[in-house]
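Student: Chains A and B, in that order, give the protein sequences. Under our numbering, the residues of the first sequence are numbered 1 to 115, in order. Under our numbering, the residues of the second sequence are numbered 116 to 229, in order.
Each hint can be trusted.
With a straight-line Cα cutoff of 27 Å, these simulated BS3-like cross-link-like pairs (lysine-lysine) come out:
| id | chain 1 | residue 1 | chain 2 | residue 2 |
| --- | --- | --- | --- | --- |
| 1 | A | K102 | B | K168 |
| 2 | B | K118 | A | K38 |
| 3 | B | K172 | A | K38 |
| 4 | B | K168 | B | K133 |
| 5 | B | K170 | A | K102 |
| 6 | B | K185 | A | K102 |
| 7 | B | K172 | B | K133 |
| 8 | A | K70 | A | K38 |
| 9 | B | K168 | B | K185 |
| 10 | B | K118 | A | K102 |
| 11 | B | K170 | A | K3 |
| 12 | B | K172 | A | K102 |
| 13 | B | K186 | A | K102 |
| 14 | B | K118 | B | K172 |
| 15 | B | K172 | A | K3 |
Honestly, the hints are just simulated from the structure, not real lab data.
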Amino acid sequence: AQKVTQAQTEISVVEKEDVTLDCVYETRDTTYYLFWYKQPPSGELVFLIRRNSFDEQNEISGRYSWNFQKSTSSFNFTITASQVVDSAVYFCALSRQAAGNKLTFGGGTRVLVKP
Amino acid sequence: DVKVTQSSRYLVKRTGEKVFLECVQDMDHENMFWYRQDPGLGLRLIYFSYDVKMKEKGDIPEGYSVSREKKERFSLILESASTNQTSMYLCASTRSQGWNQPQHFGDGTRLSIL
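Please work from the sequences and hints to get the whole structure.
Tutor: Written as structure tokens, this is what we have:
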């Protein structure tokens, strides 16, 4: 069975603090992709990043960075120097080639950045 | 940019009513999806469609049906709405063989069943 766990349901920080969102996944497949999405208060899920199972390189995009470790089945997401606009719900998701186009989502982590 | 449009942002219906949620995408995507989002549970797949008139059950299809008569439109139907179907509903689309591609989402419909 496939599963994505985001253990943190809510994180509250003060602006400019760093925040790390944890994502742990379970799958027996060797070929899969991992995604992060952001859901601002407006409701639409916005795609942030994807990573395939054969690429363990970390990625940095501006204030966002991702750490993928197959050894611990984790794909963690860090926001550096957080801003109020980062306040949102963040979802981690797993897509397996064997499952076609179906995504398995984690429960989401709500991030609240206070000014 | 892909645009996925859901017909209503907020909807209030009564128990037992037949409810239609509509979703339209403008990028000629073959695959379309309906999810419901509940706190702590993330998004759960209700149904998806990979072509016109084709549909497959997702993880929680009970109490729902879908219709895909045209490629750009995917409808979710609550045959007889119940209070436990109060939720946020999200539509998404992606191209064929897009298992490794990000899905494109609409803004969601917040449905309340009274």
